[in-house]
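Heads up: the protein sequence lines correspond to chains E and W, in order. Residue numbers for the first sequence follow the numbering used here, so the first one is 7 and each next one is one higher. Residue numbers for the second sequence follow the numbering used here, so the first one is 464 and each next one is one higher.
If you're looking for bench data, these hints aren't it; they were derived computationally from the structure. All figures in this text were calculated on a predicted structure; none of them were measured in a lab. Be aware that one or more of the hints could be misleading.
If you want the ones that stay clear, here's a sample from chain W, every Cβ over 12 Å from chain E, calculated [claimed, not checked]: (1) Arg605; (2) Ala620; (3) Val786; (4) Leu790.
Straight-line Cα separation of at most 25 Å, DSS-like style, residue types lysine-lysine; simulated pairs [stated by the list, open to error]: (5) W:Lys681 <-> W:Lys705; (6) E:Lys216 <-> E:Lys294; (7) W:Lys697 <-> E:Lys325; (8) W:Lys681 <-> E:Lys325; (9) W:Lys704 <-> W:Lys681; (10) W:Lys681 <-> W:Lys697.
Glycine is no exception: its CB is placed at the ideal position from the N, C-alpha and C atoms.
Spelled out, the chains give:
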Amino acid sequence: MMKPWVRRFTGITGTIISVAVLLYIYEKIGLSPKSILQTTFLALTPLLLAALGETINEKGGLVNIGLEGILLMTAVLGVYFAEITHSGWYGLILGALLGGLIGFIFGVISVYGKADQIIVGIGLNLFSLGFVQFFMMAVWAMPGIRIPPKEVIIPPTTISGFRVSLITIVSILLAPIVHYLINETKFGLWLRAAGEAPESLDAAGVSVEKIRITGATIGGLLTGLGGAFMSLAWFGGVVKEISAGRGFIALAIMVASGLRPLYALLFSFIFGFAEATAIAISLTPGVKEVVPYHLILMIPYIVTLATVSIFMGRARFPKALGLPYRRE
Amino acid sequence: MGLAGELRENVRRISVSLLISLGVFVIGLSIGAVLMVIFGYNPLKAYRSLFYGALLERGGLAESISLSIPLMLSGLTFAISAKAGLFNIGAEGQIYLGAIGAVIAGAYLSLPFLLHLIVTTLFAMLLGVAWSLGPALLKIYRGVNEVITTIMFNWIATYLVMYLALNVFYDPQRAERTVTVLPTARYPQLVEYSSLTTAIFAALLLCIVFYVILFKTKIGYELRVYGSNPDAAKYSGISSKKVVLYSFILGGMAAGLAGGLLITGRPPTFALYGTLGNVSGYGFDGIGVALIGRNHPIGIMLSAFLIALLRNGGRYMEFQAGVYSELVRAIIGIIVIALAIPEIYEMVARYMRIRRARRMVE
């Protein structure tokens with residue numbers, strides 16, 4: 007058995023080396039390494055935010071597989087909020103708050119309704135699929151696509167020639183912050199207790215219900231930020247398929263990282279890189295003609311399957327995960 | 464308890480189930496109505512045109528029954544896994560594979576009628592099963608959560624089948640769709656002015672087969688024990704690997720059949736569009752079907768019709784009241800969420816208890 011720090015070190019250096027090798031190969035076949043890295047950072051943002059959100063959720067004992075639905079609804083309504091407030095930043099904030107509201111409702115249904123959380127998550131995803139299409143038709147009279155005016159799009163900032171979104175930087179910083187929140191703060195202790203041994207938290211006089219709902223709300227908030235980011239700061243518009251399974255890729259990241267935020271950052275980078283590769287291949291002239299477009303689009307999902315299968319089995323999840331808490 | 468008591472108990476259980484399903488159906492429609500009012504539509508007009516269209520319009524009822532075919536089958540996919548305590552939400556991708564399978568066998572084989580139909584149907588089911596094996600094996604050997612793998616397989620299936628439809632099996636005259644299935648592999652039409660064909664009998668037959676497997680065979684028993692109490696199942700020597708494998712294989716059969724019948728049993732197209740437009744969405748709606756039917760094959764036959772009615776009527780709602788038909792899927796989502804909340808059942812059960820008590824007093 008390798009010591010944990012050795013494994014961590016090999017994991018990180020392994021990733022860096024493979025990315026460097028791949029970038030070298032990409033340059034040889036005519037793809038631009040710089041633009042791939044720029045896309046990687048865009049693509050990792052919603053994944054990381056949703057995975058961090060779900061990590062908080064699950065530490066508290068709730069499983070929300072409705073991330074996909076939250077990403078979709080906040081991406082669409084984020085555009086709507088930005089248009090009515092004439093500001094991309096307000097759209098982003100309101101989108102995040104909407105995500106928090108959905109997370110809160112999910113928390114209340116799960117905690118007080120003692121619901122089967124997986125089924126609620128499935129229902130949430132189904133609802134959002136139908137709702138966003140209905141909403142887009144009702145508000146914009148357009149089936150499934152909306153390009154908002156340019157002034158509400160949040161442009162990326164340029165740091166020494168490298169274009170990166172401010173929100174990406176914030177979400178990368180959030181990884182150590184969430185790690186600290188979970189492991190070093192009083193709230194984190196309560197949260198972990200709510201997931202591991204809710205009866206002890208109850209005995210200590212802290213409400214399991216409130217802690218879990220707070221976790222679900224923060225989780226929804228982060229996911230909502232990721233959703234609004236996609237439409238307002240990445241694609242500059244929204245289509246009804248915008249979430250494209252990212253909610254489930256985020257679940258895979260959370261599972262593979264074993265609920266450790268810093269690992270979630272590493273895995274988000276890997277998945278973001280896979281997606282950036284797919285995007286680059288499908289756009290670069292001279293390359294895109296050689297490889298069938300539809301097969302390229304499979305890359306992120308295949309990478310997700312492979313990664314989650316390799317890293318499965320090491321993680322340990324909270325004992326009371328997914329179980330409604332009932333007082334004896 | 465005597466035979467009469469047992470019968471009474473059964474009747475009570477079934478009526479509670481029906482009441483719950485009907486109750487959440489009403490909840491779903493009410494929230495749908497609230498959404499319509501918020502966005503400035505008239506819900507009464509919308510629902511009137513929905514139900515009128517789905518039931519009374521010429522061919523409307525037959526069309527609703529026809530739409531229930533893929534729904535009841537993808538409902539079975541989710542239900543058989545749910546009975547085993549698993550969440551197979553991969554019906555969507557397995558349907559795509561079944562559909563392309565039907566195109567391949569139906570268009571490129573040359574066999575006499577009936578034999579061709581049977582071979583095509585079986586090949587569609589086979590591809591559905593093949594696609595369900597991936598998540599099953601990853602679950603068995605790597606312990607990977609089936610929710611994640613089935614969704615990933617759905618996305619991979621989407622692009623794989625799109626690729627096959629547009630680049631390999633495309634119609635040279637109409638490149639936006641595949642070649643059409645030969646007349647020898649098509650299910651005969653049952654009702655004029657509708658797409659209802661004899662495919663409905665294949666679907667109903669599979670429902671009955673699933674009922675028999677679940678409640679009359681050893682594997683069905685093991686599946687149900689494992690689903691209700693995995694620990695007890697382990698101590699009584701039931702293999703979890705076997706349960707996972709069988710529930711996914713059966714699920715893949717049902718979804719593959721759904722995809723096949725959408726191609727061979729739904730006039731007038733008999734081909735697969737490159738957008739997958741004529742086969743998509745049924746896998747996810749099937750989850751709602753399974754839950755409303757309480758994961759029971761007979762319940763699923765009924766709930767598939769209810770959901771098909773909404774989806775078919777949704778088109779009329781869109782024409783006549785201007786409400787986009789996708790609202791129906793949001794309503795299904797609400798129904799699913801409502802069904803997940805046990806407090807709702809308890810309310811119904813309490814109501815039944817009070818009524819019974821009152822009857823006894825009288």
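Tested hints:
1. Arg605: Arg605 of chain W not clear of chain E: closest Cβ-Cβ about 5 Å, inside 12 Å.
2. Ala620: Contrary to the label, Ala620 of chain W does not stay out of reach of chain E, its closest Cβ about 9 Å off (not over 12 Å).
3. Val786: At roughly 8 Å from the nearest Cβ of chain E, Val786 of chain W sits no farther out than 12 Å, so the non-interface label is violated.
4. Leu790: Violated, since 4 Å does not exceed 12 Å.
5. W:Lys681 <-> W:Lys705: Roughly 12 Å separates the two Cα atoms, so the pair holds.
6. E:Lys216 <-> E:Lys294: Violated. Lys216 of chain E to Lys294 of chain E sits at ~51 Å, over the 25 Å cutoff.
7. W:Lys697 <-> E:Lys325: holds (20 Å)
8. W:Lys681 <-> E:Lys325: violated (32 Å)
9. W:Lys704 <-> W:Lys681: holds (15 Å)
10. W:Lys681 <-> W:Lys697: holds (15 Å)
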